[in-house]
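*Asks:* Below, each chain spelled out in residue letters.
Number of protein chains: 4
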Amino acid sequence: MCRWLAYSGSPVLLEELLYKPKHSLIDQSLHSTMGAETTNGDGFGIGWYGVGDVPGTFHSIEPAWNDRNLRELSSHLSSGLVLAHIRASSGSPVQQTNCHPFRYGKWLWMHNGVIASFPLVKRELMLAIDPELYPSIEGSTDSEAFFHLALTMGLEDDPPGAVERAVGYIEHVGRSAGVEHPIQMTVATTDGESLWAFRYSSEGKSRTLFYSTRVDTLREQHPEVAILQQVSDESRLVVSEPLGDLKGAWNEVPESHFGVVRAGQDELRPFTPRPPG
Amino acid sequence: MCRWLAYSGSPVLLEELLYKPKHSLIDQSLHSTMGAETTNGDGFGIGWYGVGDVPGTFHSIEPAWNDRNLRELSSHLSSGLVLAHIRASSGSPVQQTNCHPFRYGKWLWMHNGVIASFPLVKRELMLAIDPELYPSIEGSTDSEAFFHLALTMGLEDDPPGAVERAVGYIEHVGRSAGVEHPIQMTVATTDGESLWAFRYSSEGKSRTLFYSTRVDTLREQHPEVAILQQVSDESRLVVSEPLGDLKGAWNEVPESHFGVVRAGQDELRPFTPRPPG
Amino acid sequence: MCRWLAYSGSPVLLEELLYKPKHSLIDQSLHSTMGAETTNGDGFGIGWYGVGDVPGTFHSIEPAWNDRNLRELSSHLSSGLVLAHIRASSGSPVQQTNCHPFRYGKWLWMHNGVIASFPLVKRELMLAIDPELYPSIEGSTDSEAFFHLALTMGLEDDPPGAVERAVGYIEHVGRSAGVEHPIQMTVATTDGESLWAFRYSSEGKSRTLFYSTRVDTLREQHPEVAILQQVSDESRLVVSEPLGDLKGAWNEVPESHFGVVRAGQDELRPFTPRPPG
Amino acid sequence: MCRWLAYSGSPVLLEELLYKPKHSLIDQSLHSTMGAETTNGDGFGIGWYGVGDVPGTFHSIEPAWNDRNLRELSSHLSSGLVLAHIRASSGSPVQQTNCHPFRYGKWLWMHNGVIASFPLVKRELMLAIDPELYPSIEGSTDSEAFFHLALTMGLEDDPPGAVERAVGYIEHVGRSAGVEHPIQMTVATTDGESLWAFRYSSEGKSRTLFYSTRVDTLREQHPEVAILQQVSDESRLVVSEPLGDLKGAWNEVPESHFGVVRAGQDELRPFTPRPPG
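Chains as they are written, first to last, in our numbering: chain A, 296 to 572; chain B, 296 to 572; chain C, 296 to 572; chain D, 296 to 572.
Hints listed in this document are in silico derivations from the structure and should not be mistaken for laboratory results. Wrong hints could be hidden among the right ones.
You can't tell identical chains apart in this list, so a pair holds if it fits in one copy or across any two.
[Said to hold, decoys possible] In silico SDA-like pairs for lysine to any residue, Cα to Cα no more than 20 Å straight-line:
1. LYS417 <-> LEU428
2. LYS417 <-> TYR429
3. LYS401 <-> ARG366
4. LYS417 <-> THR447
5. LYS317 <-> PRO549
6. LYS317 <-> LEU422
7. LYS401 <-> SER370
8. LYS542 <-> LEU325
9. LYS315 <-> GLY572
Note that the coordinates shown come from a computational prediction; the quantities given were computed from them, not determined experimentally.
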């Protein structure tokens, strides 16, 4: 439905992430090969950390491939933690408030996939959102509702647990409404320090998700790739579709797993939705 | 906050309503004299009846004064029942789904004013909306929520009663939350045959609302005005601000009143919010 | 580079032309099968005749497939002469003034293809445009310059001759500048009564162009197709790519030919560029 | 017609320039007090120097006051040399390619005012532009043509002389075409190191232009203003309309003068158009 990219590592110009790779995210906006849709032309968004704790965001309803402002910004903004998302709408309107990543305080969130039969279950999901958080919902997507459910269920304290509870709740509500496979998802979320990336679907056939090999390993294998000389060992990309075809660079996140990218050791762990009490 | 115009009568080109009057609605988008804001540049919308029962709508996030598509359409579309609205946002995002008029089936609705402290009361108002209607809400404005409350409370069967109940409910929820003056409004709504226009505010100082004098009377007084020769006796404009300065043409809707424009005799009656049982 | 459709015949709702066919133009905006590009998401435009001599136009920089206003207008506007165009930019900016069809007085013009190396030859082509016409150029495309060259060379009096002279001139200027194949084109133009459609390229491998079979013939072969019962015998579509797969419905315009659709007998004739004196 | 701001000095966040002043440029987009128009809602643009020699630009067709991306970027981008412009169109289309500042290589240019009767003289002015520069014109404004004339006449080597020659040429062409007052202008241009600001009009009644007092002087007079403690002595603002009402902060550029802001001593000198040989 959509394509996304998350980067954590040495500060780099956004164009290094968005435009320069051979099969870049911008290229994927016109020619995705692994997505549910070939074209992801229903708006896009980026989020990045820089000045202060609160990340900046840039959302546009234009296709990413022809957006001149994105091209300009990408050659002038650098950051060590970036989320980028290109959208293929599954029905909700193309408007900036429906563009990922969504932000709450210092948190960012983006989603590829769908809450199935969302119009059928939307009201019940919205009711479960903390009334304090409710007014900060600005758009009409399933993805933003999902984010606010996760916030309600403790995202700021225990991200993996909160997402497991939110997904458990979405599956509970969906199944009660007769939806066979209530959720399909890859999700990235971050507080500006750690990055969590989830791969899951109720039917067990989840959208693809890949993470990049450690930079020190890649650097040895590919001494000719300039960018690998510049970024730190701990720099990491998580993507819905590999960028370029560098051998050994991409590893699939297994079904029903999530990864944590942070200073120190990264982790990959199983993901298990937790149904409501 | 906004400016609007509603027309019922002989079919006319939209440009006759939107551009040709001396102090036209498009002119008001740059230079409103009676509005809470001088500039109404946060998008606009039109709705019109023509082919079939369901009205057409055109919504744009550009300022009306520089929108070329509106100029083009206005010189090619004609209709006997038209709603037009220019927006000055009181905070909610400028996006097409927040542009008036809103549509449900054959109904259109537009609003000038505000539900005060909307973020504070939004959740409770949304809960009162019929779950069947809930998924058809696409934007994030108080005005669209108000429309769906009125639909929930019987707009299709008894428009004045439904609006009185919706306003009574909004005032009840607002006051329970400590809001002194919960609503400020002029509203126009139509099913494609009759047109209802309401003027009310909790504090008793409502936004202005005017209706045009009967065409047969105006025609006698102003034989030189060409358009008056073309339109039927029953043609009527209801506007938040007079168009032009034709003497005797405009009559103020009194505080806490509503009017009905329809084939046969038009009516002007008191409006009294009905608090929930 | 682009896809287009021209219709001349009984007045029909635009949605009959743009949305209802199986492989409609809107569908082609996401999934073109015969175009140089799969995706035609860099804006679109329509032009139609209705009120007065001057056609209406609607231009948008959004992809056609997600433009709600186009959907709305298409279900409320009907016309007996319609041009529609979806764009895949070959470099010039995505802005309304670069969207086809272009208009001059009662004339419309749209183009699929390219003037090769346009930046190299633009200045010389612009100089050849009648100084009276020069100020009416609003955008920056090769296609609009081509239109104004054709107007300069007599489009209003002798459309085929003017296009032959314009193409001859473009080829002359291009070749003088060392461009091997100066032009690639299918073009439709109309004065509101007749419709001319051209297929040509300097290299003799032109973009595809098809015209529909006479309605009376199709009606006999396909009595089950409802729309064929509604439209007049003389109704005709010219398209860059067939809509749907109705057997016997589509005929290719031969290389270096043009067709005229008008009341009475349509014609198909050879097209021969005329170099400058 | 428009409002603009140019800043040269210590790197600051753009929001310090665009949003925080009391009568900020963004505020002026809705409520200009000294402009020819109250509302400057026909798009805007910013240009800034940071990474590399080539400045970044951000252009939007939305009104500046409701553009969320501008708000976001302003709180994350900092620069020591910034141009910002809000537009009130005098007729040419609202599109990104008509938004100032315009860029050529490392140069930026913005203009408030008008080349009078531009459609009448445009062709002749365009002919005078260096054929090498001609293809880099993307929009349709008088301001961009003016920039390319100045480039043609030596802007990169002798900015004041080039602007004097360009204005002299514009006046010559205008007067030959019967235009009484061919040009009205304030202009800012920069190569990333120095900043030139011009005030001139053929009729001798030029749009307003102000420069800020030296920071060391202001700092003594207003020790309570925090931002003055942060920026260097040589920081300088040039604006079409004062921001805020800090006493002693703003000085008018005299009629027919230009200023140069650069490291070392700033200068203010007479401006005299030079007619063509």
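*Asks:* Does each hint fit the structure? Answer for all of them.
*Replies:* Hints, one by one, checked against the model:
1. LYS417 <-> LEU428: both (16 Å within a copy, 12 Å between copies)
2. LYS417 <-> TYR429: For LYS417 and TYR429, the Cα distance is within 20 Å both inside one copy (13 Å) and across copies (9 Å).
3. LYS401 <-> ARG366: between (25 Å within a copy, 17 Å between copies)
4. LYS417 <-> THR447: both (16 Å within a copy, 18 Å between copies)
5. LYS317 <-> PRO549: Answer is neither: 25 Å inside a copy and 39 Å across each miss the 20 Å cutoff.
6. LYS317 <-> LEU422: neither (44 Å within a copy, 41 Å between copies)
7. LYS401 <-> SER370: Between copies, since 14 Å is at most 20 Å while 24 Å is not.
8. LYS542 <-> LEU325: neither (24 Å within a copy, 32 Å between copies)
9. LYS315 <-> GLY572: Intra 48 Å, inter 49 Å, cutoff 20 Å: neither.
Consistency with the previously given hints fails for numbers 5, 6, 8, 9, ordered from lowest to highest.
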